[in-house]
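Peer 1: Those protein sequences? They're chains D and H, same order as listed. Take the first sequence: its position 109, counting from 1, is numbered 109 in the working numbering, and each next residue is one higher. Take the second sequence: its position 264, counting from 1, is numbered 264 in the working numbering, and each next residue is one higher.
Wrong hints could be hidden among the right ones.
Here's a subset of chain D near chain H, in silico, CB distances under 10 Å, partners left out [what the hints assert, rightly or not]:
id, residue
1, Cys18
2, Gln25
3, Thr27
4, Asn33
5, Asp37
6, Val43
7, Thr50
8, Gly99
9, Ser156
10, Ala185
11, Phe187
Some chain H residues judged to face chain D by a derived CB distance under 8 Å, without partners named [stated by the list, open to error]:
id, residue
12, Cys92
13, Asn246
14, Gln253
15, Val435
16, Ile576
Here are the simulated distance ranges between beta carbons [to be verified]:
id, chain 1, residue 1, chain 2, residue 2, range
17, D, Asn115, H, Gln816, 35 to 41 Å
18, H, Lys839, D, Asn115, 22 to 28 Å
19, D, Asn115, H, Glu142, 54 to 60 Å
20, H, Asn83, D, Glu84, 38 to 44 Å
21, H, Ala700, D, Glu155, 45 to 51 Å
22, D, Asn115, H, Leu599, 51 to 57 Å
23, D, Val77, H, Lys836, 28 to 34 Å
24, H, Ala49, D, Asn115, 38 to 44 Å
25, H, Lys53, D, Val77, 35 to 41 Å
The set of hints was computed from the structure by calculation and includes no laboratory data. Bear in mind that the values here come from a model prediction, so they are computed numbers and not experimental data. Backbone N, C-alpha and C fix where the C-beta goes; we use that ideal spot for every residue, glycine too.
This is what each chain is made of:
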Amino acid sequence: MGENKKKRYGMVIDLRRCVGCMSCQVTCKVENNVPFDDFRARVNIAERGTYPDVKRFFLPTLCNHCEEPPCVEVCPVGASYKREDGVVLVHEDRCIGCGYCIEACPYNARYLDPNLHVAQKCTFCVERIDNGLPPACVHNCMGKARIFGDLNDPESEVSKLLNSVPTEVLKPEMGTHPNVFYIMADFNGAVKKEG
Amino acid sequence: MELNRRNFLKATGAVAAGAAVGGLVSGRGLLGLKEASADEMAKVKNGLAAYQKVYTTDVMCPAECGLEMWVKDGRLEKIYGNNADPMNGGACCAKGAAGVQLVYSPERIKTPLIRTGERGEGKFRKATWDEAIDAIAKKLTEFKQKYGPESVIMDCGDVTDRDPYWRLNFAYGSPNSYEHGSICDVPRRHGPKLIAGGKRFQPDLMRPLLIRQSDGSLKQDKAYLTKLVIYVGWNPYVATRIVYENRGTVAAQVENGCKVIVVDPALSNTAAKADMWLPIRPGTDGDFFGAILRYILENDNPRNPQRRYIDWDFQKFSTGWDEFRTEFSSWWSKNDPINNLPYFSLGWAENRTGISKAKIEEVAHLFGITKPAALVWGMQSPGHHYNGYTGSILGTVLNIITGNFDVPGGVIDTELAKSDKGGNATGKGFNKRQVKRVINGKEVTADQAKLNIDDFGDWPAAWDGVIADNPRRFEQGVELKYGPFRGLKFPLKAYICRTGNTLFTASAPYRWQQALTAKDANGNYKLELMVVIDTPYLESALYADVILPEASYAERMSLSDIYPSHPVLSMRDQVIKPLHESKNPVEIMNLLAKRLYELGDKDIKPSDFWEKYKSEEDFVNEMLAVAPGRANLGEPLPYPNFPEGYKLIGTPDSLEQGRVTIDHDKKTVKGEPVTVAWMRKHQAVAVWPMSYHRYRKFDATKGEYVPSGGFLGTDSKLFEFHFKRYDGYNKLIDEAGVVPPGLQEIGMQHYPPSFFWFETKWNPYTNPKYKDYAKEYPFQLIAGRIHQTMSATQMIPLLGQTPAEGLWAPLNEEFQYDILEGNPKVPEGMSLRTHKFKKGTWSVGTIAINAADAAQYGIRTGDLMVVQNPLGKEIRGKAAVTEGIRPGVLKIGFGSGGRFSSGLGATFKQKDYTPLHNTLVDPAAMSPIMGFPSFADMVVKIKKAEG
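All chains, please: the whole structure from these sequences, using the hints.
Peer 2: So this is what it looks like as structure tokens:
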């Protein structure tokens, strides 16, 4: 327990290395027995441009384990909570399946499990990380594009990346302060400032 | 138009500038913070303890990644990549991770089956193993007596775990055994085989690399050195064969500034991540290479650093270069009838490839000047074209003369680098048996190998076998034309199809259907026995007389067939007990061998089968005994304490610690043999050190590098630009006085001594013979592999949620099906349920078509279209309209649609509106040297389907 207090988990997704293989999406489903129509992790694909100047983009998403999680705020029974190490979880026994949190999440990261009738979401594979293993999607990532670790440890790979490469987060205007950061696919190595 | 990813993300409102660099964690976010309950923590902490971890390898695609499988109460529940395997470096793709749905698929073949209806009807009854084995063995015994064992064909469509079956067939007396290699990109491998004696040139992107350091220690080197990779018709991000090219290519880009160029008619995912995408006209990759080679030869200048393209050192290690160059350059002054331009000039290539002169020149210069670089061509380029050999040869030459062969960051011939395996277990020794045949009243004795129906039939240079010519031979029988048994005629009587699905994959299925149902005058099937041995129930099984259920890849043992940069072996282990009534290949081999023996087969000896291999482990131990079997060569020398050039055998640790015997006569260093037990102790992976420049060694007396003699697979151990390998085949032709039909087709009398060129089939833009088709059939049809639709993985429900490249898109109609679905309520975590698939939610095989082309025909995404070829065949499929494909090109995923076996599960339900590409392939267009189906040479016309 003492160890957990010092830790603060986060993830960097290096879009330069994402090859669009969708392993994260499928690995997560199997790891967490996610019902067929629901997802905790997914990869959005978009094609933009006109032949021959056309590009295809991959954007993997998952719960952002926000610093200010709106899902936790709206839970009427205190079932949704944030651990000290930053992982946002649902207490299954307390959840009444009201769906407020599902509505409140700006990232569409939650679903109502049709079997358990409770809200479910990405847990950063809590049972794995608490046993010293990386989340399953990180382990299996084909491009080594997902980097997970302790944001409080300056020597961790995530911290080193965050301190050296510009990153962005999804929907910052929502004020949720995500702990999942993205390195843009066109970032070419030179540290540059926006604007 | 300049479009970057930032624009895209902003446009979709998904991302905006967020966290500042550093200092991310503030005091925010204390809302709702609480301790987990003790119960909850205990659940989390102990949840994983119930699992048993087993290290093994995949077989869902030929990458055969190292896996870590988690088992609970005897049930496979989770699949991850094996961190110890440098091929996949711990990664595991969507397909690999979804393996649980394949292993526990309700569609598996569960018991032996015996046909009750007609072939193709799919009517079977359950049978016992004894009954099924007896039925097969009795027929084989009869055929051997009546027609000779050579009338039996063993086809292990899947290269892995084939050895028990091949062994059985060889021992029975038939040299006619095939594997997946016969219908997978054969022409692509031609150049490396002819010139280097290898098979696959792949970029040096496998990291970490175990390599000797100057202080004598071994280190896992992670640095990427490659500066330029050109992938031509090769899409490692979606068709994962050489799996390290996923993480390796992007890592080289990010960490080493490596530039990636992808040459492909379609915007593959690999092209989408590249620095440059060149949408080439299908079937012109060899043209592109030819223009690059001509440009490099004409513009190379050793004195100008900006034009120093060629590393002339290669000549010291080669033969026949002048001959090759003379023959190649002799074409420069000839004009091509298709465009009246001189061969291999930039203008000629522009006209044929559709890539501008300026771009071709840019790439040629870049490839010449950038070191280290790798030019890689895949199965979707030379691999699947009638004339693919030409591109494969030119690509091989380009890598060698620019000094990129076997150098750090360059290309590695992974066939030459990989560990040896198989040894005596393969049973190849049985083919040396002397056998007698009576031909035209004369008795002839020679070794059994000479009865091979390809090598001594119509395809003397087809060293990988010609599976696609078998329908003809099922109907007409075989006449050997070459070698000691020439003149011998026999019918083909039995076809054992093990884990392949030839009927569907080896060119046009209708051709196979015709041949498998062809009957003689008495109304009996000409091919009297068709056996299918497999785990899933695929189309070929519909035509089987007897079906045997084979244990799935999680239930059987063997070794991976992998292509690393240095010797690596990974072992498939039995993770769970065989499900249903399935049995592993070694058991099936022993059962068949024993029954043949009981029926009086004198060639089958108990000591070669069931007495020798009491378990799979015994078999795998024998396969492992020869590893790594590579010479101690290159820089840095893998084992500086052992003599240079000696063959290394034994575990990595015994070699490293010097627990070896050195035999100076045989030039071997033998440590402790690799065994199943050793592999299990080492995460099922054995890794021996990397070295480069393995084709040369330093001669201290001469003070210079000389050929090492122990790496290249050619007879001379040199790069052979004079194709000496063909000499033996030409000798057969001269002795017999018969020119093989393939050579006749391209107007040759012999296999050519050096550079050669001929045009592909069904290409109106390069072959004048087909020019007239361009107007009526304005589209070229190509196919590509995507990992979701490898044979028998299409039905995996989770992969239907992973669209790819406009070839696999959520365009299903509404349907219901029983699928294995995540269910946290049951202890196994998954349960079989009837699922309602809403329209447009699940991926099915589609036809990618360029947006401008589609607009012209009024076709929109999701519209059903009809595609017709000039041979009167047509298919239907839904359009996936995209900007990411060259106009005038249609692309379909191999095996993605038209699946007509119910064993394909939910994918079977989509058969009427998904495209079966192979129906449009010309079954008569077999590439002339090795008889490979021309999967990507066809022109078609399209229309929107009515109604």
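Peer 1: Take the hints in turn and mark each one as holding or not.
Peer 2: Evaluation of the provided hints:
1. Cys18: At 8 Å from the nearest chain H Cβ, Cys18(D) passes the 10 Å test, so the hint holds.
2. Gln25: holds, 7 Å
3. Thr27: holds, 4 Å
4. Asn33: For Asn33(D), the interface hint holds, since the closest Cβ of chain H sits about 4 Å away, which is under 10 Å.
5. Asp37: holds, 8 Å
6. Val43: Since the shortest Cβ distance to chain H is 8 Å, the answer is holds.
7. Thr50: holds, 5 Å
8. Gly99: violated, 18 Å
9. Ser156: For Ser156(D), the interface hint is violated, since the closest Cβ of chain H sits about 12 Å away, which is over 10 Å.
10. Ala185: holds, 4 Å
11. Phe187: holds, 9 Å
12. Cys92: Holds - the Cβ of Cys92(H) comes within 8 Å of chain D, reaching about 4 Å at its closest.
13. Asn246: holds, 4 Å
14. Gln253: holds, 7 Å
15. Val435: Violated, about 49 Å.
16. Ile576: Ile576(H) check fails; min Cβ-Cβ to chain D is 16 Å, beyond 8 Å.
17. Asn115(D) - Gln816(H): 35 to 41 Å: violated, 19 Å
18. Lys839(H) - Asn115(D): 22 to 28 Å: Cβ of Lys839(H) to Cβ of Asn115(D): about 24 Å, so the range 22 to 28 Å holds.
19. Asn115(D) - Glu142(H): 54 to 60 Å: Since Asn115(D) and Glu142(H) have Cβ atoms about 56 Å apart, the given range 54 to 60 Å holds.
20. Asn83(H) - Glu84(D): 38 to 44 Å: violated, 29 Å
21. Ala700(H) - Glu155(D): 45 to 51 Å: With Cβ atoms ~47 Å apart, the hint holds.
22. Asn115(D) - Leu599(H): 51 to 57 Å: holds, 54 Å
23. Val77(D) - Lys836(H): 28 to 34 Å: holds, 31 Å
24. Ala49(H) - Asn115(D): 38 to 44 Å: violated, 24 Å
25. Lys53(H) - Val77(D): 35 to 41 Å: holds, 38 Å
Checked against the numbered hints listed earlier, the structure breaks hints 8, 9, 15, 16, 17, 20 and 24; every other hint is satisfied.
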